[in-house]
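Protein chains in written order, with numbering that gives the first Met the number 0: chain A, 0 to 329; chain B, 0 to 329; chain C, 0 to 329.
Just so you know, the hints here were simulated from the structure itself, not pulled from any lab data. Keep in mind that the hints are not guaranteed to be accurate.
[As the list claims (entries may be wrong)] Across the chosen pairs, the derived CB separations fall in these ranges:
1. B:E67 with C:Q318: 54 to 62 Å
2. A:H262 with C:S29: 54 to 62 Å
3. A:Q318 with C:P295: 18 to 26 Å
4. B:E174 with C:A110: 50 to 58 Å
5. B:S283 with A:D267: 37 to 45 Å
6. B:V27 with C:M175: 29 to 37 Å
7. C:S112 with B:H40: 52 to 60 Å
8. A:E174 with B:S283: 51 to 59 Å
9. A:K10 with B:L172: 57 to 65 Å
[As the list claims (entries may be wrong)] Capping the alpha-carbon separation at 30 Å, the derived lysine-lysine pairs in DSBU-like fashion look like this:
10. B:K190 with A:K190
11. B:K91 with A:K246
12. B:K114 with B:K246
13. A:K5 with C:K114
14. B:K314 with C:K317
15. C:K91 with B:K114
16. C:K70 with A:K88
17. C:K114 with A:K91
18. B:K91 with B:K190
19. A:K10 with A:K114
20. C:K135 with A:K317
21. C:K91 with B:K190
22. C:K314 with B:K317
23. C:K10 with C:K70
24. A:K246 with B:K49
25. B:K317 with A:K314
26. B:K14 with B:K91
27. B:K135 with A:K317
28. B:K317 with C:K301
29. A:K14 with A:K114
30. B:K91 with A:K190
31. C:K5 with A:K91
32. C:K246 with C:K317
33. C:K10 with A:K246
34. C:K135 with C:K190
35. A:K246 with A:K282
36. A:K14 with A:K49
37. C:K114 with C:K5
38. A:K282 with C:K317
39. B:K91 with A:K114
40. A:K301 with B:K314
C-beta atoms are modelled at their ideal positions from N, C-alpha and C, and glycine is treated no differently.
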Amino acid sequence: MPNTPKSFTLKELAKLVDAQLVGDPDTVVSSCAPIATAQSHQLSFWDNAKSIAPLNTTQAGVVILTREMAKSYRGACLLVINPALAFAKIAKAFVLSPVEDRGIHPSACVADSAKIDESAYIGPFVVVSEECVIGKNTVIHARVTLYPQTEVGDDVVIHSGCVIGADGFGNVLDEMNHWHAMPQLGAVIIKNKVTIGANTTIDCGALEDTIIEEGVRLDNQIQIAHNVHIGAHTAVAGCVGIAGSAKIGRHCMIGGGSCIAGHIELTDGVVVTGMSMITSSIKSPGVYSSGTGQMPTRAWHKSVVRFRQLDEMAKRVKQLERATDESNDD
Amino acid sequence: MPNTPKSFTLKELAKLVDAQLVGDPDTVVSSCAPIATAQSHQLSFWDNAKSIAPLNTTQAGVVILTREMAKSYRGACLLVINPALAFAKIAKAFVLSPVEDRGIHPSACVADSAKIDESAYIGPFVVVSEECVIGKNTVIHARVTLYPQTEVGDDVVIHSGCVIGADGFGNVLDEMNHWHAMPQLGAVIIKNKVTIGANTTIDCGALEDTIIEEGVRLDNQIQIAHNVHIGAHTAVAGCVGIAGSAKIGRHCMIGGGSCIAGHIELTDGVVVTGMSMITSSIKSPGVYSSGTGQMPTRAWHKSVVRFRQLDEMAKRVKQLERATDESNDD
Amino acid sequence: MPNTPKSFTLKELAKLVDAQLVGDPDTVVSSCAPIATAQSHQLSFWDNAKSIAPLNTTQAGVVILTREMAKSYRGACLLVINPALAFAKIAKAFVLSPVEDRGIHPSACVADSAKIDESAYIGPFVVVSEECVIGKNTVIHARVTLYPQTEVGDDVVIHSGCVIGADGFGNVLDEMNHWHAMPQLGAVIIKNKVTIGANTTIDCGALEDTIIEEGVRLDNQIQIAHNVHIGAHTAVAGCVGIAGSAKIGRHCMIGGGSCIAGHIELTDGVVVTGMSMITSSIKSPGVYSSGTGQMPTRAWHKSVVRFRQLDEMAKRVKQLERATDESNDD
């Protein structure tokens, strides 16, 4: 999205984020930039106390800093407790929305029975099916499909390509070992202030609903199966798959490419590192991982062979210990 | 999809699934619900013989059970051999189709040369390209793309966001190490009674066709590369990737997030657990896995370091065994 | 895409790829086929010097071969240095483009401020947002979304379902541990001769741009996060996830299903095998892997248990070595 040629004085920006201003209140900045490349007409921020070198060389017109870090900086600055958060708020003021602020794009396909708040925006080629509900200030970007009875709260953002409410993957075998679809009768409920990245899919529940609680952040290309429940303020990175009826707690963080098995439960505050395979419930908050680290392939092949023999090797070690004990007893 | 206010008598339902009815044939139920929450106007089912507790407390108006399990239940019930399958059939009767039953949505983009059976349904913003063929009672949900010459059989369901028949990933290096696309001249053939989940992609074949056999179930966000062949009645869970020319047998089950390497073959009846990496052919039916289980990250780091040293450790164990043998020989 | 009934003489084909022709220059072929099934009216190629058996049995009208391999073949052939590359060029001549060659499909939604070269093709239901730029001969297939300010070079192919330029996954926690979106102010820049597979997503940069250099090949369902930089002529297979600010070198090959962590760098010429987890920078060209190979699940469970105990086992082996040393010292 464009970094538009809007202009703000430092005084205006200080007021916007309730910051203490150090420097000329009438200085004007007209866009945002990283600390390393920002010029005198640009605003930046820095919050890495371990590396203050960029502050010595930056050309930024103004930098958002903590009071502590400002001691190392001689230029104009805005002093706040959380520089990244203040920067997020200010940067928002520089953004020209990529879409009209509100209303339904004429190309969208909206069912008569759908209820869409008039402050919401519905982009091109979006499909809003029967009995969907869309809340205030919600933005549905181009080419999203909402299946029937999907409920979307206020201040939600759904990016292009998402499919919300398609049938869950419920199948039953008959006596010939042929699959029959189990009708998926639940809905998807997305609470307020959720954001959903591009091409993410969330299936409807089988009998009850799939629920995404308030403030959840979902990245791109995530698959959320039927009857999953994601607790408030949890963040899920790209390419994660969450299988049916899994329950993820509040304030969790799930690393990219991870898979969460079906019917398990992660308590509040669980962090899963990238590409982990989570196959059983996690009852204590903390950081969890699986997998092996990268290796040159030639060496890796040897480790993989040994991995297959691990149980046998463990038994041989046990045997050696017994032999050594006996030998010591002699 | 909605659980609509249709009503059925138990007599009607018993007839629908050829069940023996225990209870008042004129009792009316108007929707489906899980055993734990079902009320007196609702139908449920139970087939877990190991845990009959829910039968003691359910408020369901009628429960579908096996004859054996019904011995533990005093309420109204429908007796069948396969309760889940009977429930699937009955639940279908409660479903209000989310789309018109048949016909082509006026917003769809359909090539003149495409042949679409008049009983099929084509949703909004669907693209049906030149020379595609779509069979009887097939449902193509909103926002699906069928590239030229895609053949879709009867009773197929394709969910929103799918792309069928895009170019396979075939590239050739020239003398400058620059890539050239190998034209992809094959098609995709999808046989009868296949279901395909949201945002799944199936590439066309390079020279011959990519083929999905009858009764296959594909979940969401699956990637199927060129010239893959998936045998009849195989089920593939979400986020699976199947590389070029892989051949999957009949009645296989592939767990979510798994990847199948190119040019390998899985025989009939292979089960792959979630997030497995399958890099060589599997010739015997059975259950296969790869990866490591989840661990607290701090402990995991130690295991990862040791995994890298596994071959060396195996050699040291061998050395110890030799030393012990010699010592015993002394 | 269809293998159309166009016809070429061998003389015409030899000229097209600058090949030496062995056989009757007036022989006509009308389509391409694999060596094993090609008939007398068809062209094929073979470049596997280790297995020349197919050359003994093929019915192909003409085969593209190296001069060396042609010694084992008695039929008509086209002699070139790189048979696969010559075949790619010839096969292209047989392809009937699945879309109109150029122009904007009437159903596409194109912003007035977008600049689209007149030789480009924009398919049905494509969204081209404000200030996008699209170069010469570029093909955007049906149902692609380009967010504002996306730049697409010449000779680029973007397959159906792609979303280019959606917001990167940048979030900041406030004092209540609630997430706030960091505005994503950068763009996506796609250089010349890039191809992008179906349903792939590329996020816009946070402050600077996400860049895909010339000649890069991206397969289906790839997720590329904000500020990623992919070097020229790198190929990325399906279902790969590349996290924010990762930098991939030139002429790399990333296997399907792999994940690349954020803020790391892969030097030029790195090959990553399928489903690898790359969590640290790679400074030397070569082949890298992670994970464990597939095993029957019952045996795998035992290895997984032992993997958790690896550090302890390593310490026990060390202990045994000490004991043996002491014993030898006795």
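Quiz item: What are the numbers of the hints the structure violates, in ascending order?
Solution: 4, 6, 8, 10, 16, 19, 20, 27, 29, 31, 32, 33, 37 and 38
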